Amino acid sequence: MSYYAGIDVGSLSSDAVIVDAAGGIKGWAVTETGAHSTNAASAALDKALERAGLRPDQVAYTVATGYGRAAVPQAGKKVTEITCHALGAYTLFPEVGTVVDIGGQDSKVIRLGENGKVVDFVMNDKCAAGTGRFLEVMAAKLGVTLDDLGRLSLGAEGEVAISSVCTVFAESEVVSLVAKNQPIPQIIKGLHRAVVNRVAAMTGTTGVREQVIMSGGVAKNAGVVKLMAERLGVEISVPDEPQIVGALGAALLAAREDAV
Amino acid sequence: MSLSDKAKLQFMKDLGFPALASLQKAMRGKRAPRKANPDFGPPLKCTARLKEIMTRHYYLARFAPGAKPVAWVTSGAPVELLRALDFYTIYPENHGALCGAQKMGPELCQVAEDEGYSADLCSYARVDLGHMLSGKTPAGKLPKPDLLFCSNNICQTVAYWYKVMAHRLGVPLVMFDTPFNYTEISQDDIDYMVGQVKDMIPVLEKAAGKAFDMERFIQVAELSRAASELWGQCLETMKARPAPMTIFDAFVHLAPVVSLRGLPVAREYYEILLAELLDRARSGIGAITNEKKRLMWDNIAIWYKVRDFSELFASRGMNFVAATYTNAWAETIQHLDMSQPLESLAKTYSLVILNNNLEHRLNLMAKMVSEYAVDGLVVHSARSCKPYSLGQYDLKRLLSERLGIPAVVIEADITDYRYFSEEQALTRLEAFFEALEAA
Ligand code: SF4
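These protein sequences, in sequence, are chains A and B.
The first sequence: position 248 = 248 (the numbering used here), numbered continuously.
Each position in the second sequence, counted from 1, maps to that position plus 260 in the numbering used here.
No lab work stands behind these hints, which were simulated from the structure alone.
Note that this is a predicted model, so its numbers are computed, not measured.
The beta carbon of each residue, even a glycine, is placed where N, CA and C say it ideally should be.
Partial pick of chain B residues on the chain A-facing surface, computed with a CB cut under 10 Å:
id, residue
1, Asp-654
2, Val-668
3, Glu-694
Here are the simulated distance ranges between beta carbons:
id, chain 1, residue 1, chain 2, residue 2, range
4, A, Thr-205, B, Ala-626, 18 to 26 Å
5, A, Asn-181, B, Glu-571, 55 to 63 Å
6, A, Ser-172, B, Gly-664, 45 to 53 Å
7, B, Lys-646, A, Met-1, 52 to 60 Å
Residues of chain A placed beyond 10 Å of chain B at every Cβ, according to the derived structure:
id, residue
8, Asp-20
9, Ala-22
10, Gly-27
11, His-36
12, Arg-51
13, Gly-53
14, Thr-91
15, Pro-94
16, Val-144
17, Arg-151
18, Phe-169
19, Val-175
20, Ala-200
21, Glu-210
22, Ile-236
In isolation and in its complexed conformation, chain A is listed as follows (with noise of 0.2 Å):
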């Protein structure tokens, strides 16, 4: 039987899937990047094979994606994330017409055809606000964890509006509404907000089709989903590990790969 890898390589966190010549997930990690990203690729494959309990001999081919692809040595071919991020979520759920990923230091939406292929794509890579990133740097301001940032912002009563785009000003906009004494879950919320409008708003460029996937860190924050899926009007479906769909994309590149 022979095992083919996926691995996705981004600013923030290096993430591997392996699946079987059928496309049966048979392991995955999601491992942080720091600084040297060949040395993250293969922590978050060697992961990702023990939990598959595999050797690394046993993966017959391997497919790199993500910001940092083209450091993966392993890796016979080198696609975007936009083709495995469109694939990944195509097969995890077969009606999706629209890919919303949040990612630590970018964000994009996909807008797929009847068949899965791509049809559009925008991508926000050019600032922090509208990423995981922008949330990480609230949330240490605020004192709380990133995790803790979704079930917060569902208990809010209320909400307060935060007017900066920038991650930068933003901040200490944060600063101050904390010294005033809003409430922390509020604040959160108002903060949510700021990166579902930013994310939204590129949906205006690609158009949303149902069903929607969000994918990527972010997408295991409730709060932020709640609010797109009201922001866009749609109901919004999020995979069990929404980090892992790029890389399971590639690696079921890998696999088609190896058949041809």
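With chain A held as given, fit chain B with the ligand onto it using these hints.
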């Protein structure tokens, strides 16, 4: 104009420059030739002639003051009026492109920014101001103008940029104001523009020190028309499969129709270029060896990336066969009609793509996609050029919806590469390649 300056310019033209050129050629001959890239077909033979024409133009410019009146002109201005009065013309935008290609954009822009000009200003303007303030240029030396000639048919930036130059250089500015074409051009608009031409002639005459002669103007306009029409025919050869030239070549071979139109040399150049292209098309010689997909480009070139991009696309078997930008110098020439010289001049210049509505642009692009059998669209969103970049996301969406072709936007700038992120642009382009290859 002094006799001795005239004699000097004539001497440099007849003997000085040819001697210099042959010396340079002899020096070049000693260098090892660049290794041929297998992704490209044989290079265009005309390129050597083009280099000679443009080098000569910039070289002789320094001998022009005193011998001829000198004008700095915007790319879309009706230069035929100046040609009839024998002006030596310099195109700051062409010079800006040259600085961009030589990767001097940020350096010159910084000079202008240090002087207080906004970093959001078009980088052609900043490069030009930076050049004016520092004297730095890859072209040796540009002659100081006696007159500035500007038309806002391409943007409003030029109007303010040229005003600043007029103020700093203390020379007259002549401006040709072209009403934006929202739906159709009206007789009132034409009358308004013709009135301006009539008013500006005495100013031009004064700077030139001679009288405007309608017959001479008509001759020059005919030369201009011939060059633009020939340029249009050159572009049309790219309908052939494989296309005998790429848009990256066209970005370079565009220079004479921009900055020398109305002179015999521009017409002559496009005659030989057209002959070569037709010949290549007939013999099936492509610009790239493996033309799998045909693309269209929107907006001005990314001057510092022309070579890298041409290699990248060629390596993927993708050839740019059409561009709204290169097309702009051929698009409206059919309006020029010597039975109504000034009215038709006004039409020709006011209906250019950047002075025309988005509906027009959409239809034009759709037409080009079908005529050139285009498989995909690359849209350059240029930070500098607001009129060109406005509406591009809508154009892209409408075109890919209507025609079902993949399209991608890359954000960059024409010369200021501080606004270009290689990694991000490449990721977008690769995703676009993957979509095209899957189509
Ligand atoms: S690049 Fe655009 S903004 Fe700049 S001078 Fe040309 S038309 Fe005007």
